[in-house]
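Number of protein chains: 2
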Amino acid sequence: MIKQKVYVLRLSHRVERDKRATMHTFLTARALSASGVIYSGQRDSDLEKRIQALVDRWGGAFKVRYERNWKRVIENWNKKGVTCHLTMYGINVDECLDKIPKNKETLVIVGSQKVPKDVFQLADFNIAIGNQPHSEIAALAIFLDRLFQGKELKRKFGGAKIKVTPQEREKKINFSL
Amino acid sequence: MIKQKVYVLRLSHRVERDKRATMHTFLTARALSASGVIYSGQRDSDLEKRIQALVDRWGGAFKVRYERNWKRVIENWNKKGVTCHLTMYGINVDECLDKIPKNKETLVIVGSQKVPKDVFQLADFNIAIGNQPHSEIAALAIFLDRLFQGKELKRKFGGAKIKVTPQEREKKINFSL
Chain A
391 MIKQKVYVLR
401 LSHRVERDKR
411 ATMHTFLTAR
421 ALSASGVIYS
431 GQRDSDLEKR
441 IQALVDRWGG
451 AFKVRYERNW
461 KRVIENWNKK
471 GVTCHLTMYG
481 INVDECLDKI
491 PKNKETLVIV
501 GSQKVPKDVF
511 QLADFNIAIG
521 NQPHSEIAAL
531 AIFLDRLFQG
541 KELKRKFGGA
551 KIKVTPQERE
561 KKINFSL
Chain B
391 MIKQKVYVLR
401 LSHRVERDKR
411 ATMHTFLTAR
421 ALSASGVIYS
431 GQRDSDLEKR
441 IQALVDRWGG
451 AFKVRYERNW
461 KRVIENWNKK
471 GVTCHLTMYG
481 INVDECLDKI
491 PKNKETLVIV
501 GSQKVPKDVF
511 QLADFNIAIG
521 NQPHSEIAAL
531 AIFLDRLFQG
541 KELKRKFGGA
551 KIKVTPQERE
561 KKINFSL
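Protein sequences appear in the order of chains A and B. Numbering-wise, my numbering comes out as the position in the first sequence, counting from 1, plus 390. Numbering-wise, my numbering comes out as the position in the second sequence, counting from 1, plus 390.
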């Protein structure tokens, strides 16, 4: 079971341009057992509704929150928790994973396009999932998988109305209405 | 060093709707040491040019190929290699990773929207990176990370004109022109 609380901060969301990439980011956070996401940039109530509808059907307690002032989110988090910024310019994840305190709530910060310099200064760790141009969705996935040591894939989602029963060659879904 | 050749087949690309998600998929494949990608759906020469320009600057030998007939790609691959379809309906990756032959070239199949039933029948393995609604980009990332056992993040990209030097708090890029 995963006890560690991890939230994801998605920076600079743009309603039109980022709608799918941000949705992928949120789905990844939820599927890989983050407790919720906070996003800044443009507010997107359609996105919030879509993720909430998915949580209602597929279960688990996953929260989405909008915050205009991302800097304040990071500064407040630093007072009690730990902040990890995923960036191709940072230190390889293998070299810093053990240094992240596991007894504190963790905020994982992912950008979209250009990330403000302040983020590099404010974050406790700037972590690279490889130093190549990359996808923040992929980086988030690998980071959570490493942080939770693969346990996140076996988690049960409480209160689900829909569940998949794993199959070798077909789709099997159970509904409880 | 990674010896295993892995290619990614991206199904049903739609130029407008998928341009960013497919680009994320290709970047993920490249950054995590796949040898190349094949895509079907709509041909997208702009996407091909953008990934080629990135490969020219950042190095490595990464190939992009369009194939209209994805079914033939899978059938041909099955004659000598192994095909792994990533799907939330499949068997958990932890239960099937060891069964994938490591001495054969591997084709990792990822869909966008609804994946045709035939794919489930044709693939050697239908593999779930968790059975929750997900991002194919995230699933691909975790699958490659597990398959290559984390070695893919330490790979050198030959012939690069641009390289990142990992830093704790800033961006450092070296150019060789």
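Hints are computed from structural coordinates only; laboratory data are not their basis. Check each hint, because a few of them may be wrong.
Claimed, not checked - When the alpha-carbon atoms are kept at most 30 Å apart in a straight line, the in silico DSS-like pairs for lysine-lysine are as follows: (1) K393(A) / K541(B); (2) K507(B) / K551(A); (3) K504(A) / K553(A); (4) K489(A) / K546(A); (5) K504(B) / K489(A); (6) K546(A) / K494(A); (7) K470(A) / K453(A); (8) K461(A) / K453(B); (9) K541(B) / K551(A); (10) K561(A) / K553(B); (11) K453(A) / K453(B); (12) K546(A) / K489(B); (13) K395(A) / K470(A); (14) K504(A) / K553(B); (15) K507(B) / K553(B); (16) K494(B) / K561(B); (17) K553(A) / K546(B); (18) K561(A) / K546(B); (19) K562(A) / K469(B); (20) K409(A) / K409(B); (21) K541(A) / K393(B); (22) K470(A) / K562(A); (23) K489(A) / K489(B); (24) K409(A) / K553(A); (25) K561(A) / K546(A).
As the structure is a prediction and not an experimental result, all values here were calculated from the model.
Against the structure, the hints come out as follows:
1. Between K393(A) and K541(B) the alpha-carbon distance is near 28 Å, which keeps this suggested pair within the 30 Å criterion.
2. For the hint linking K507(B) to K551(A), the alpha-carbon distance of about 24 Å falls within 30 Å, and the restraint holds.
3. Taken as a hint, the K504(A) and K553(A) pair is broken in the structure, with Cα atoms around 38 Å apart against an allowance of 30 Å.
4. A hinted pair counts as satisfied when its Cα atoms are at most 30 Å apart, and K489(A) with K546(A) qualifies at roughly 28 Å.
5. A hinted pair counts as satisfied when its Cα atoms are at most 30 Å apart, and K504(B) with K489(A) does not qualify at roughly 41 Å.
6. For the proposed pair K546(A) and K494(A), the alpha carbon gap of about 23 Å is at most 30 Å, so the pair holds.
7. Only pairs whose Cα atoms come within 30 Å are accepted, and K470(A) paired with K453(A) is accepted, the gap being roughly 20 Å.
8. Taking the CA atoms of K461(A) and K453(B), the gap is about 40 Å. The hint is violated against a cut of 30 Å.
9. Proximity of K541(B) to K551(A) is assessed by CA-CA distance (about 39 Å); at most 30 Å being required, the pair is judged violated.
10. Pair hint K561(A) plus K553(B) does not hold up; C-alpha atoms about 43 Å apart against a cutoff of 30 Å.
11. About 40 Å separates the Cα atoms of K453(A) and K453(B), which puts this hinted pair outside 30 Å; it is violated.
12. Distance restraint check for K546(A) and K489(B): the Cα-Cα separation of roughly 25 Å lies within the 30 Å cut-off, and the hinted pair is therefore satisfied.
13. Restraint check for K395(A) and K470(A): satisfied, since their Cα atoms lie roughly 13 Å apart, inside the 30 Å limit.
14. Between the alpha carbons of K504(A) and K553(B) the distance comes to roughly 18 Å, so the proposed pair stays at or under 30 Å and holds.
15. With a C-alpha separation of about 42 Å, the suggested pair K507(B) and K553(B) falls outside the 30 Å cut-off, and the hint is violated.
16. The suggested pairing of K494(B) with K561(B) is violated, with an alpha-carbon distance near 39 Å, which exceeds 30 Å.
17. Simply put, K553(A) and K546(B) have alpha-carbon atoms about 41 Å apart, too far for the 30 Å limit, and the pair is violated.
18. Taken as a hint, the K561(A) and K546(B) pair is broken in the structure, with Cα atoms around 39 Å apart against an allowance of 30 Å.
19. Between K562(A) and K469(B) the CA atoms are separated by roughly 29 Å; this keeps the pair inside 30 Å, and the hint holds.
20. Only pairs whose Cα atoms come within 30 Å are accepted, and K409(A) paired with K409(B) is accepted, the gap being roughly 12 Å.
21. Between the alpha carbons of K541(A) and K393(B) the distance comes to roughly 28 Å, so the proposed pair stays at or under 30 Å and holds.
22. Our distance criterion of 30 Å between C-alpha atoms is broken by K470(A) and K562(A), whose separation comes to about 43 Å.
23. For the hint pairing K489(A) with K489(B), the CA-to-CA distance comes to about 34 Å; that exceeds 30 Å, so the pair is violated.
24. At roughly 26 Å between alpha-carbon atoms, K409(A) and K553(A) fall within 30 Å of each other, so this suggested pair holds.
25. Taken as a hint, the K561(A) and K546(A) pair is honoured in the structure, with Cα atoms around 19 Å apart against an allowance of 30 Å.
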